[in-house]
Structure formats: structure tokens, C-alpha cells
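Chains A and B supply the protein sequences, listed in that same order.
Going by UniProt numbering, the first sequence wraps up at 206, each residue one higher than the last.
Going by UniProt numbering, the second sequence wraps up at 206, each residue one higher than the last.
Dumping the calculated DSBU-like pairs for lysine-lysine here, alpha-carbon to alpha-carbon at most 30 angstroms:
#1 Lys182(A) / Lys60(B)
#2 Lys40(B) / Lys5(A)
#3 Lys121(B) / Lys110(A)
#4 Lys182(B) / Lys50(A)
#5 Lys125(B) / Lys121(A)
#6 Lys182(A) / Lys40(B)
#7 Lys61(A) / Lys182(B)
#8 Lys5(A) / Lys5(B)
#9 Lys73(A) / Lys182(B)
#10 Lys79(A) / Lys182(B)
#11 Lys110(B) / Lys121(A)
#12 Lys121(B) / Lys125(A)
Here are some of the chain B residues that sit facing chain A, going by a computed Cβ distance under 8 angstroms:
#13 Arg19
#14 Leu78
#15 Met109
#16 Gln199
By construction, these hints were calculated from the structure, which means they are not laboratory data.
Beta carbons are placed, not taken as given, at the ideal position from N, Cα and C, and that holds for glycine.
Number of protein chains: 2
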Amino acid sequence: MKTPKISEAVVRRLPIYLRYLNVLHLQNVQTVSSSDLGQKLDLNPAQIRKDLAYFGEFGKKGIGYDVNYLIEKIRQILKLDQFIQVALVGAGNLGRALSNYNAFLKDNMKIVAVFDAMESKVGDKINNLTVQPMQEMKQTIKSMNIRIGIITVPASEAQHVADEFIQSGIEAILNFAPAIIKVPNEIRIHHADFTTELQSLAFYLD
Amino acid sequence: MKTPKISEAVVRRLPIYLRYLNVLHLQNVQTVSSSDLGQKLDLNPAQIRKDLAYFGEFGKKGIGYDVNYLIEKIRQILKLDQFIQVALVGAGNLGRALSNYNAFLKDNMKIVAVFDAMESKVGDKINNLTVQPMQEMKQTIKSMNIRIGIITVPASEAQHVADEFIQSGIEAILNFAPAIIKVPNEIRIHHADFTTELQSLAFYLD
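Just need the whole structure built from these sequences, with the hints factored in.
Set out below in C-alpha cells:
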């Protein structure tokens, strides 16, 4: 299901709703109102109702949203009901830190392979993963049907890694390198650049 | 200068413009057109012209934007012409990785202090920084006039660290913990959560 009308801003808020809904589910909470959600997530309740209305009418006036149904629906929209394997290139501090997040990811979305170009890192264990050489990347990605690639290499290597990912069949990239990377239109790339995060935060200082 | 009319989306794009403009500056390029910027950054040129028009008319038809002037103006808008000190709490893999980014940050914005609650980490060297105990945080932040705080602790500790940051006088927070954190209205908080990044990327898979 392709739903092209959903804006990127909404797509970025859905995982935040999902995280809190999962907390409510664990607490056996059955329903939640947009004002509860807004209060907890520091978002405008009208904005939340608008976001969730993209996916049809889930909320009932005076009762709120059914927590389990909303979880199921958001997971479906985000395609988290699929099994999604992730590869990571760059086994430095950042790569190791991200691999540790595996524990927080649901079973259906995991980092399943880590690669590094430095011989000294190949063979290292990161939790239950063994760092593989770059030469094995294409074959591993194809054989494991890995669809998302994470780049945690120095900026100077980032374009090269992105090119290799794409040649290997990766469909979406999450880039942590402070570099401008060009990809074909059909590849989705998100940049998680720490320096730009800090710089945009500085704007809000008085 | 507070410029509340600039949308968050624009504020997040400005550092990306700035990064490429700095590259052009190093290459002695004097002017750049919105279509060049658009091509390089994979953004719509009309969007770029609109973004930059927020700050007055910089572009000249047929010539483009003056690179140096645009750099100066964007740095001013993002307050990067100020001296901004940053503190980080959580000296794990992620904290260490971010401290290494200091080399990519300009001289006026640096991580100048790292804290950790674990005694075994206190005293560790990360580049030129020594990990300090949490008990020293308030005094260090006040005496060094640190304005931005970064959270790289486990989710269960994140709210506590945010509260201590705010009590110490921190004005803006960049949170990397996969946690929902409540802060007073006057504190700006950005979340850089790896799991939500990955989840929103999954949406764009076919």
C-alpha cells in the first residue's frame, strides 16, 4: 500500500505516537483521547486528530482512540508489520552505539549485518553480530534480503558506501555522516546529522 | 534577535545550505544559483528561493546568491556567530561518538564537558575531555556558561538528566534517548531518536 498523500512531517510523528501507545498498551490502557496524547507528547490535540484522520476515522467523540487498534494501524502504515532487515557500514563508536539499539527495536526490524573497510575491525563482535569485510556486503545484502542501510563512516567515505549499498539492492538509507550524498530518485535517504541538529537547536537560544 | 516566523522545517534546512555553501567558499566560488543549490541538495529550487527569501532579498536574477554573504547571514540567523558551549551526559558509545564530532564543529560551538553517573567512567579521557561525575554538573554548567545539553543515557535515566540540565540553567536539549521527556515551555528540546528515524524510513519502502 503506497499512501503518497501523507506528509513527511506526519510520517515522522507516527513513530512517536506509536512509542507512547505501546507504553499505554503495556499498562492495559484501552482508550486514549487526543488531549491525553497531546499532553504527554507536547503536541497540539487538534494536530494529533488531523494526523490520525489521514488514516480514517478511528476516534470516538468522548471516548477517544482504541489503543490496540491505533497501534495496529500505525504499524501497518509504517510497514512495521513487515519483516525488515537492516545493514550498517562503519563499526566505530557510532556504529556500535546504534547496533546496541537492536534491543529496543521490535523483532521484525533489526540490524542483521555490520561491515567495515578496516581490516583491524573485521571479525570484531558487536553483541551477537560479527563485523564483516566490505567485499562480503553485496552478497550478504542480497542473500539476507536486507532493505535498509545505515551509514556511520567518515564523511569522505559516505558517498562510496551509499553507491555500494544501492548496487547491492538497498532501498532506503539512513545516513549519519556529515556529508552530502547523491542517490537516484527511487532511493529514499534520511540524514541524521548531529552537527546540523545542534546548529538548528542554536536558533532557538535567546 | 528572535525571528519566530521562520518555520521549524526551514530552520532544519538552513544548516544543510550552510554546509554546502562552506564547501563552495573553500572552492573560491563567489555566487550560486538556486538551481545549483537545488541540484546539489536534492531540493526544489523554488523551495530554496522561498526559504532564503525569509531573510530578505539576497539573490540577484541571472547571477544568483553571493556565497559569502549567504554564509554570514545564515550563521547569524542560526546564532552561530555566538560562542555556544555544549555539555553531554552519558559517556557510552554514543556519547563518545558525538564527542568525536567536535572536530567537525566550528570553533564557536563545542562540546566542552562530559558527565556520567557511573563511577567507573568518571576520569576517562575522550579526546581532550575528562568525564566528570554528575555531582559536578551544575557548577560546571554555570561556571562555563554552557547553554545546550545533549542526553545520551539509557531511556530510564533521560527525564532525570533533563531535569538536572534545566536546574543547572541549560536552555536547549538534544535528546538521543528513546524516551518521552517533559520540559517547561521555555526549554527547547529536539529528539534524535534512532528507532523513530528507522521506523519513519520504513514507510517509504515499496
